[in-house]
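Use these hints to put chain B with the ligands onto chain A, whose structure you have.
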Amino acid sequence: MPKDGSVVRLDGEGKPLWLVLELTYRCPLKCPWCSNPVDYAGDGRNELDTAEWKGVLREGRELGALQLGFTGGEPLLRDDLEELVAEAHRLGYYTNLITSGIGLTEARLAALKAAGLNQIQLSLQSSNRTLTDTLVGARAFDLKVKVAHLIKAFGFPMVLNVPVFRQNIDQVNEILALAEDIGVDYLEFANIQYYNWALINRDELMPTRTQIEAAELAVQAARERLGERMTIYFVIPDYYEERPKACMNGWGAIHLTIAPDGAAMPCQEARTITGLEFPSVREKSLAWLWNESPTFRKFRGDEWMNEPCRSCSEKEEDFGGCRCQAFLLTGDAGNTDPACARSPHHHLISEAVARAHEPGRTIHPLVMRTDANSRAQSQVEPDHV
Amino acid sequence: MDDIAAAAGRARYALNPMYLFRWEATQDAHVLLYPEGIVKLNRTAGEIIELCDGCRTAAGMVEALQQRYPGDDGRVAEGVYKSLEVFRAKGWIRRQA
Ligand code: SF4
Ligand code: SF4
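These protein sequences, in sequence, are chains A and B. Residue numbers for the first sequence follow this note's numbering, beginning at 30 and rising by one. Residue numbers for the second sequence follow this note's numbering, beginning at 25 and rising by one.
Worth flagging that the hints you see were computed from the coordinates, not collected in a lab. It is possible that some hints are incorrect.
Pulled a few chain A residues facing chain B out of the computed Cβ check, cut under 7 angstroms [said to hold, decoys possible]:
| id | residue |
| --- | --- |
| 1 | G93 |
| 2 | L95 |
| 3 | Y123 |
| 4 | A144 |
| 5 | Q148 |
| 6 | F183 |
| 7 | I211 |
Here are the in silico distance ranges between beta carbons for each label pair [said to hold, decoys possible]:
| id | chain 1 | residue 1 | chain 2 | residue 2 | range |
| --- | --- | --- | --- | --- | --- |
| 8 | B | Q120 | A | H376 | 55 to 65 angstroms |
| 9 | A | H178 | B | D77 | 26 to 36 angstroms |
| 10 | A | N75 | B | W47 | 49 to 59 angstroms |
| 11 | B | A29 | A | R252 | 30 to 40 angstroms |
Sample of chain A residues with no beta-carbon within 10 angstroms of chain B, all distances over it, derived [to be verified]:
| id | residue |
| --- | --- |
| 12 | K59 |
| 13 | H178 |
| 14 | R300 |
| 15 | P373 |
| 16 | H393 |
Idealized CB from N, CA, C, for every residue including glycine.
Next up, chain A with everything else stripped away, as it sits in the complex (with noise of 0.2 angstroms):
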């Protein structure tokens, strides 16, 4: 994801350099904005045992990966994951676990630092209790406040994300002064994207544009304040900018994701690109998957670009923006990410927010990310697309 402020323009010079693994998409927690397949449910089973996470490992280094994710899901769910950060740790990765923190115990991070992990992020939804357990439908907070501190405690480099929506978005001086509080040294407000649930979810949840203005404002004010003490990050929604992020710096550029079953993607969410095939390690090399796979070269460079993009002189900034967004909303992941306002679908956007804040409009209740949920949420298209 790229983040504001911190954004380093690499070119990869054809390496995927950073490797996320989804260990699992299992998860103890419900949130309705999970970046998850909508039809994640019934997966479990299917997941890459050990040796074949091991073998990823192995072959991501040789073809020049240097991050390592760890995530999911929730990836504490396999008890294998010491191991695989060992063995990520001995192959020369920099290892990031991305974890809500249910399962976190100082047994788990005592091991997990013997193995050689570097940093740990760690989610969080608001400064309330109630407000936290009610959006991720657990009781998380308190165990999570206390997992960050052990955190700390344990001496590992900490990343607190906060998904920003429209329910948590003016707690923003609270949240930082919990981050302040626990020590963590970067801070990031990640406002939602809207994709499987998030976008399920979206008139619920987006915020509007008073709230980020304000929120922008508050974050500004505590990074004057707090200066080298604490990184803070704050990614705007792109529903409310002018152009795309430049999303993964471009389609198989850098990121490599492999998901659960071990097919390999070049994003997180590139499964939503229906008619695209995703092949997965047990059957390929991962060294075929980066360079031939047809996915991974559908949308590289800007070969594949229609107008406006194709002769737009900002293609080499942002590449265009995200592809499952325009296929999301435009049925067509070759064009123009409709958030870009060069976009002939960019009332797309603008429509969808003033939906989403319209006077009197029906509120729906949240549509929680459970199995139930996404055996039944796959049968049926999200209506309002």
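What follows is chain B with the ligands alone, placed relative to chain A:
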């Protein structure tokens, strides 16, 4: 002026513990790795950061690099002091108390 220069020379620098610094063969370069980030260093930057061990003074670093690149002592010294300032501003290294 001389006092300031002398003080700058006595400063010691260490890598920010948030960063991992190492040689990366696939890049044929030194790299800095940190939460969600990668910096590929050019040769000079790599050589300077390698000397930021918390013990060596800036003057000591200058001397070491002058020995490695004899011929233009003034330019080497200027380059080292400038780089240290830039790296510190980027948060890669910290000045020791
Ligand atoms: S977003 Fe929530 S539900 Fe989805 S994987 Fe993360 S913690 Fe689990
Ligand atoms: S038209 Fe395409 S390349 Fe130009 S700014 Fe918009 S998304 Fe970027």
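Comparing the hints with the structure gives:
This hint holds: G93 of chain A has a C-beta 4 angstroms from the nearest C-beta of chain B, less than the 7 angstroms allowed. Interface hint at L95 of chain A: satisfied, since its Cβ lies 6 angstroms from the closest Cβ of chain B, which is below the 7 angstroms cut-off. Because the closest C-beta pair between Y123 of chain A and chain B is about 4 angstroms apart, less than 7 angstroms, the hint holds. Taken as an interface hint, A144 of chain A does not check out: its beta carbon lies about 15 angstroms from the nearest beta carbon of chain B, beyond 7 angstroms.
Interface hint status for Q148 of chain A: upheld, as the beta-carbon distance to the closest one in chain B is roughly 4 angstroms, under 7 angstroms. Checking F183 of chain A against chain B by beta carbon gives a least distance of about 13 angstroms; that is not within 7 angstroms, so the hint is violated. Because the closest C-beta pair between I211 of chain A and chain B is about 15 angstroms apart, greater than 7 angstroms, the hint is violated. Distance hint for Q120 of chain B and H376 of chain A: a CB-CB separation of about 57 angstroms, consistent with the stated range 55 to 65 angstroms.
In this structure the supplied range 26 to 36 angstroms holds for H178 of chain A paired with D77 of chain B, their Cβ-Cβ distance being about 31 angstroms. As the Cβ distance of N75 of chain A to W47 of chain B is approximately 39 angstroms, the hint placing it in 49 to 59 angstroms is violated. The hinted window of 30 to 40 angstroms between A29 of chain B and R252 of chain A holds, with their beta carbons roughly 32 angstroms apart. With a least CB separation of 26 angstroms from chain B, K59 of chain A remains clear of the 10 angstroms interface cut-off, as annotated.
Taking the minimum C-beta to C-beta distance to chain B, about 18 angstroms, the non-interface status of H178 of chain A holds against the 10 angstroms cut. Annotated as non-interface, R300 of chain A keeps its C-beta farther than 10 angstroms from every C-beta of chain B; the closest such distance is 23 angstroms. The claim that P373 of chain A lies off the interface holds: its Cβ sits roughly 34 angstroms from the closest Cβ of chain B, which is beyond the 10 angstroms cut-off. With a minimum CB-CB distance of about 34 angstroms to chain B, H393 of chain A clears the 10 angstroms threshold, and the non-interface call stands.
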